[in-house]
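A.B. asks: Taken in order, these protein sequences are the chains called C and U. Take 49 as the starting number for the first sequence in this note's numbering and just add one per residue. Take 572 as the starting number for the second sequence in this note's numbering and just add one per residue.
Each hint should be verified, as a subset may be incorrect.
Below, a sample of chain U positions facing chain C; criterion: calculated Cβ distance under 10 Å [said to hold, decoys possible]: (1) 588; (2) 596; (3) 604; (4) 607; (5) 614; (6) 657; (7) 659; (8) 662; (9) 706; (10) 710; (11) 735; (12) 738; (13) 744; (14) 757; (15) 761; (16) 767.
By construction, these hints were calculated from the structure, which means they are not laboratory data. Note that the structure is predicted; figures quoted are calculated from it, not measured. Ideal placement from N, C-alpha and C gives every residue a C-beta, glycine not left out.
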Amino acid sequence: MRPKSGQEQMEWIDAYLHDALSSTERAAFEKEMISNPEFAREVEFMQQADSVIDDFLLAEMVGEIHAEKVQEWKDAEAEPAKETPVIPLHREPQQVPWWKWSAGTAAAVTIAFTSYITLSPIQVQDTLSQTLRGGDASISEQPSRICFENFYAGRSFVMTQQPSQAIPRLQQVIDCEVRPYFKDASKWYLTVAYLQANQPKEAETIYQEITENPDFSYDITWLDKQKISWQIRIAKWFGKDEA
Amino acid sequence: MQNFKVLIGTQSQEKLIARLRSKDRRELNEAIRDVYDHHISPVRYFVLQNGGDAHDADDLVQTTVLNFVQAVRNGSFQLQEGTTIEAFLFVLAKNRWRNTLKQRGFMRDYVQEMEATGGGYDSWEASAQRIMEEREEQERYIQLFNLLGERCQTILTAYRRDGLSMREIAQKMGFDNERVAINEKYKCLQKLKALFRYET
Chain C
49 MRPKSGQEQM EWIDAYLHDA LSSTERAAFE KEMISNPEFA REVEFMQQAD
99 SVIDDFLLAE MVGEIHAEKV QEWKDAEAEP AKETPVIPLH REPQQVPWWK
149 WSAGTAAAVT IAFTSYITLS PIQVQDTLSQ TLRGGDASIS EQPSRICFEN
199 FYAGRSFVMT QQPSQAIPRL QQVIDCEVRP YFKDASKWYL TVAYLQANQP
249 KEAETIYQEI TENPDFSYDI TWLDKQKISW QIRIAKWFGK DEA
Chain U
572 MQNFKVLIGT QSQEKLIARL RSKDRRELNE AIRDVYDHHI SPVRYFVLQN
622 GGDAHDADDL VQTTVLNFVQ AVRNGSFQLQ EGTTIEAFLF VLAKNRWRNT
672 LKQRGFMRDY VQEMEATGGG YDSWEASAQR IMEEREEQER YIQLFNLLGE
722 RCQTILTAYR RDGLSMREIA QKMGFDNERV AINEKYKCLQ KLKALFRYET
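One chain only, chain U, in its complex shape (with noise of 0.2 Å):
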């Protein structure tokens, strides 16, 4: 079982799945950098193959590692015997350039053939639809965030991005003191919390 695990990789998947969980930003920049340099080739191959052109072939690729990484972030994608990392972003990149194909009303025959090879369902499949699903959600949420403005969006992004301490948040956006900065991510937190009720 070890040589198998050597044979396919799946000890150096298994430690960059890891390694995509960081909680260090630069660790988890490095282990993105691996996935478009090592496994993210057969899905702009598909698309290119499949009619799409170079452009759309970049957006699924964009679209396709943000929501594998998203996750293996939060636990949904679960590394399992005898799969790989690619052949599941594949499985991704398959199912948005399908909907994205139905969108513009334009079903190739080999969506219609890849549709029939599984039978029609199967726990990858599944996760797949289930992580589209969930990150369609959360996509909303995002756009949410954006209507926020750019100085919420600092204040409240300042210390996971650059690791900034209330105080040092307070310097950079020019607030007399560290009790003003904490009175304005509150104003925010509560701008953010009327646009999700006003969502929902």
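Isolated chain C (complex conformation) (with noise of 0.2 Å):
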């Protein structure tokens, strides 16, 4: 029996919305709102109310957990690198000798390209500027939407060094019916992403197959060339291969 002031009525309605009321109440509960179309909508105004409530609440949790994140990634960019200071000491000029100049310069300069095509992270560039603008490629030649999406993720993942969220990705733009110029630039990309997950030995077979291959359409220079078949050297060399 549906109850006659209005406080008493939310409350059933609010008891019925929560499962709170037991399988007779509900039949009856339901039977009113079928026959009654003012009760009716005082129960869809109800479950709209709910819903409101819900959402505000969850909009008070993610804005929340957001602030945090926001301030976490601040944090991260703003780090400073952890540099020990150089304390200069006075030193009286010496004469070198031009020999020992030179060659103290050639081992610098080497030592400092080797630890700089060791250590430097590899640029993983901005393939949308320099093809799809590019203005020759026509509608039909468009990879379509999921291979597009997966080949933006996995291309951001290794931006972002989560290799193994872009690894799958890339996989799959490789064996999608795309041209040639996506599948390309995602061998790229898996190379660099299998060199982040320690997988040098995955990394070299994938970089075989871009240097065997004398059509290879996606433009890497010649620097991160060198940086990759070094450091894939280096983690082969030090067995940092996990698989």
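Hints given; two lone chains; assemble the complex.
C.D. replies: Encoded structure:
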């Protein structure tokens, strides 16, 4: 039997919406809803109010988490490089023979270059700028949407150093019916991703496919080529392969 | 098929979706953190690479996560074979960002290119569009809820947020007893109903 007062009716609807009625009470409630349109509208309003309250609380929760995460991102970006302070020592100038100076410089340059190509991360380029905006790509040549999304997500995961997320997506792009440029770009990203995942053998296999393909269409800079070959070699020497 | 699911992480995605649907607020909180930690970075990079600054990127990330979680919870989003959460987040974000750029009277080449990539229409795109429209309508109602004031908001949300009974709500709010709290809740709901009526 439907309660008479508005307040009791609210409690009755509340109990129904939160599964607090017995099966007999539920049946009576639903019968009332069918026979009384005004009551049905009241139930509808209470459902809508419930949904708005849920969304309000969800927005509040996401807002709190978001504020924390933004702070984490800012802290990570602002973290200064940890460098040992260099204290200059005063020394009397000395005459250095030219051959010593040249040999020293050559050694320093070699060490600096080797350190650079060993430690410097490989930059992943903005492919859309290079090709999609190039002008001669017709719509029919564009990758399917899912392939495109995987391509974009895979690339972003490589950029954010999340190789385990990047690898399966880029592999899917290679298996897609897309034009060779996207497959070639994905192969390059996959090489970088395997290296990030400490899987140099897989990185080497893909990179070999790249170097042995005369029609490879993605533009890799000379410096990136040096970096990748050297970093694959280093990873193999030090046995970092977890595969 | 099972191997494929493992390969693309669909199993863990299914678990994440289940956790996002949870009624347990702690589990929901942890699931949202997982979305932030493992699935949202493409959205941030997308904005930063395409005409947005860090503030734009952060705003879009928040809106995208909120809309996605709402869509998961109300059943508008279903995980499909071969799709990924972050790719869907990306579609949601792209639509929002495209609208933002249009509102600013600024269409970058890449947006035109992306509009061309799918031949104009597919189910995902339609789903993202529908979710965006639903959310825009719901956001209007949330704004009305904000007009209720802090006291009514506390009374109406305390049960769900903190799991408080009407008696505990009465104590928290300094009411004489549980009946007063129920009466206050009723008045707040009537106020909300009036606001909704005014809106429609």
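A.B. asks: Give a verdict on every hint.
C.D. replies: Now for the hints, and whether the structure bears them out:
With a least beta-carbon distance of about 15 Å to chain C, the hint placing residue 588/U at the interface is violated under the 10 Å criterion. Satisfaction of the interface hint for residue 596/U is found here, the shortest Cβ-Cβ separation to chain C being roughly 7 Å, below the 10 Å cut-off. Annotation: residue 604/U was flagged as interfacial toward chain C, and the flag holds, the nearest CB pair being 6 Å apart, inside 10 Å. Satisfaction of the interface hint for residue 607/U is found here, the shortest Cβ-Cβ separation to chain C being roughly 5 Å, below the 10 Å cut-off.
Interface restraint check: residue 614/U against chain C, minimum CB-CB distance 9 Å, threshold 10 Å, status holds. The beta carbon of residue 657/U comes within 5 Å of a beta carbon in chain C, closer than 10 Å, and the hint placing it at the interface holds. With its C-beta approaching chain C no nearer than about 8 Å, residue 659/U sits inside the 10 Å limit, and its interface hint holds. Residue-level restraint check for residue 662/U holds (minimum Cβ-Cβ distance to chain C is 7 Å; threshold 10 Å).
For the restraint placing residue 706/U at the interface with chain C, the shortest Cβ-Cβ distance is roughly 9 Å, inside the 10 Å limit, so the hint holds. With 10 Å as the threshold, the beta carbon of residue 710/U comes within range of chain C, its nearest partner Cβ sitting at about 8 Å, so the hint holds. The beta carbon of residue 735/U is not positioned within 10 Å of any beta carbon in chain C (closest approach about 13 Å), and the interface hint is therefore violated. For residue 738/U, the interface hint is violated, since its Cβ never comes within 10 Å of a Cβ in chain C; the closest pair sits about 14 Å apart.
With a least beta-carbon distance of about 17 Å to chain C, the hint placing residue 744/U at the interface is violated under the 10 Å criterion. A least Cβ separation of about 4 Å between residue 757/U and chain C falls short of the 10 Å threshold, and the interface hint therefore holds. With 10 Å as the threshold, the beta carbon of residue 761/U comes within range of chain C, its nearest partner Cβ sitting at about 8 Å, so the hint holds. Hint status for residue 767/U: holds, given a least beta-carbon distance of 7 Å to chain C, under 10 Å.
Hint compliance for this structure: hints 1, 11, 12, 13 are broken, all remaining hints hold.
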